[in-house]
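Chemist: So the chains spell out like this:
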Amino acid sequence: MTENKALLKPSRPVGIIGYGAYVPRYRLPANEVARIWVGGRVSGLPIKEKAVPGLDEDVVTMSLEAVRNALKRARIDPAEIRAVWIGSESHPYAVKPTSTIVAEAIGATPHIQAADMEFACKAGTEAMVMAMGLVGSGMARYAVAAGLDTAQGKPGDALEYTAAAGGAAFVIGPAEESLATLNAAYSYVTDTPDFWRREYQHYPEHGNRFTGEPAYFKHSTAAGKIMLEELGTKPSDYTWAIFHQPNAKFPQRVASLLGFTPEQIKPGLLSPVIGNTYAGAAIIGLTATLDVAKPGDRILMVSFGSGAGSDAFDITVTDKLLERRDKALKTQDYIARRTEIDYAMYARMRGKIAMK
Amino acid sequence: MEIPRHWRLRQQRYGLIGELCPHCDTKIFPPRDICPACGHEAKTSFAFSGRGEVFSFTTIYEAPTGFEETAPYTVALVKLEEGPMVTAQLTDLGDDKPEIGMPVEMITRRLHSDGDERGMLIYGYKFRPSMKAV
Ligand SMILES: [Zn+2]
Numbered sequence: 001m002t003e004n005k006a007l008l009k010p011s012r013p014v015g016i017i018g019y020g021a022y023v024p025r026y027r028l029p030a031n032e033v034a035r036i037w038v039g040g041r042v043s044g045l046p047i048k049e050k051a052v053p054g055l056d057e058d059v060v061t062m063s064l065e066a067v068r069n070a071l072k073r074a075r076i077d078p079a080e081i082r083a084v085w086i087g088s089e090s091h092p093y094a095v096k097p098t099s100t101i102v103a104e105a106i107g108a109t110p111h112i113q114a115a116d117m118e119f120a121c122k123a124g125t126e127a128m129v130m131a132m133g134l135v136g137s138g139m140a141r142y143a144v145a146a147g148l149d150t151a152q153g154k155p156g157d158a159l160e161y162t163a164a165a166g167g168a169a170f171v172i173g174p175a176e177e178s179l180a181t182l183n184a185a186y187s188y189v190t191d192t193p194d195f196w197r198r199e200y201q202h203y204p205e206h207g208n209r210f211t212g213e214p215a216y217f218k219h220s221t222a223a224g225k226i227m228l229e230e231l232g233t234k235p236s237d238y239t240w241a242i243f244h245q246p247n248a249k250f251p252q253r254v255a256s257l258l259g260f261t262p263e264q265i266k267p268g269l270l271s272p273v274i275g276n277t278y279a280g281a282a283i284i285g286l287t288a289t290l291d292v293a294k295p296g297d298r299i300l301m302v303s304f305g306s307g308a309g310s311d312a313f314d315i316t317v318t319d320k321l322l323e324r325r326d327k328a329l330k331t332q333d334y335i336a337r338r339t340e341i342d343y344a345m346y347a348r349m350r351g352k353i354a355m356k
Numbered sequence: 001m002e003i004p005r006h007w008r009l010r011q012q013r014y015g016l017i018g019e020l021c022p023h024c025d026t027k028i029f030p031p032r033d034i035c036p037a038c039g040h041e042a043k044t045s046f047a048f049s050g051r052g053e054v055f056s057f058t059t060i061y062e063a064p065t066g067f068e069e070t071a072p073y074t075v076a077l078v079k080l081e082e083g084p085m086v087t088a089q090l091t092d093l094g095d096d097k098p099e100i101g102m103p104v105e106m107i108t109r110r111l112h113s114d115g116d117e118r119g120m121l122i123y124g125y126k127f128r129p130s131m132k133a134v
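Those protein sequence lines, which keep their order, are chains A and B. Under our numbering, the first sequence has 285 at position 285, and the numbering climbs by one with no breaks. Under our numbering, the second sequence has 46 at position 46, and the numbering climbs by one with no breaks.
Be careful, since some hints might not be right.
[To be verified] Chain B side only, calculated, beta carbon under 7 Å to chain A, not exhaustive: (1) Thr87; (2) Ser130; (3) Met131.
[Stated by the list, open to error] According to the in silico footprint, chain B covers these stretches of chain A (three or more CB under 8 Å from chain B): (4) 130-137; (5) 327-339.
In short, the hints are calculated from the structure, not lab data. Glycine included, C-beta positions come from ideal geometry on N, C-alpha and C.
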């Protein structure tokens, strides 16, 4: 069997025309979860706090705000969008696409493709690769790709400290109109049962220690390493790097395994203050990085989704970033808008109190 | 179940799509096809900016059927930048107290579900305190 490690490269160059982030207002500190379940132990908590959606928020409303922010920067006619693809593991309907509601609300219907992607935490980057293909083949001028989640952990479970809400959206289009070009992508996927949720179950199950080495680290490092090998680049060629961030530690470790410095991942490392936004986690790191990047900066982004796989992207910032960056709220603007809640309010807001 | 009504209203609800009077330039919301200012036909669709300020408000503690889930909540008369007054919920107040004159911006949120947990989800405009860049 030959190994086909060729990078995914569109036949015409593509890039990001507009980008937008969204993080809800409420924050649950990790030590508040610890107060309830482990007697207030404060050492070794995976993050500082996580973002929690309001009672009237879900993946439809959050996607809509991220997409609207992306459109404010893209400044295109929504009727020219030919696809709206939204990745999430918390779509509000089991059957009825989130993407149709978002597409209608932004005025992109009816001449479009619309679908919801599902691949745990890499559903958003999967949508980005598809958008690269659609635009890069010349089938469409613009496509919207987004990844957002309102993730839930079982009460008391390790995931309850980190499972958070937020994400990002991108308008993908021709490279010559881009604020950042998407030079290539590469995906590394295997059947790995590290995390799953069966139909009709509220909370996911995970393979405990199985989630680290054979899942997150194996796929993230493989995707990152093959990307660099095939491009012939080294970590020092990149100004910034972003990795999937289920907690604060994992992305720092994978960065160091691949040879990236703490400075390179700094602007995109948001999990300590917003938690793991699942399908949004890597890409909201990208929006935060674009918020501070300069023309010419090169960015490596590697997502990870349980099940399992990683998507790597090689990105170059263009001078168009500077004229579009301030057209919408930045990722840090949302992070700064913060109202702390306690566990009781969290239990109400996340539907953990049974009313019947 | 009022699926046809929800479906018909979806665009005006998702994005504050109203009308513009071609005769006297009045911006109209909700859309009614006749200009309330000059009485002529007005069918040109117009997307409002979503910016406005709180004109008046009240907090609902005893919510009507279908809205109990988010009670207590605040309903406001919002004076849009372009002129019309709309009634909508305020959301994401956090620790902020609603005030007359408070600058607000439109966002799309889940209004309620039609019937029980098996019914369709109804999305529409609400307003939150205007967000500022850090
Ligand atoms: Zn008129």
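Chemist: Decide, hint by hint, whether the structure agrees.
Modeler: Hints versus structure:
Checking Thr87 (chain B) against chain A by beta carbon gives a least distance of about 16 Å; that is not within 7 Å, so the hint is violated. With its C-beta approaching chain A no nearer than about 11 Å, Ser130 (chain B) sits outside the 7 Å limit, and its interface hint is violated. Residue-level restraint check for Met131 (chain B) holds (minimum Cβ-Cβ distance to chain A is 6 Å; threshold 7 Å). Three residues within the 8 Å Cβ limit are the bar, and the segment 130-137 of chain A against chain B gives 0, so the coverage statement is violated.
Coverage of the segment 327-339 of chain A by chain B holds in this model, with 8 residues showing a Cβ closer than 8 Å to a Cβ of that chain against a need of three.
Comparing the model with each earlier hint shows violations of hints 1, 2, 4; every other hint is respected.
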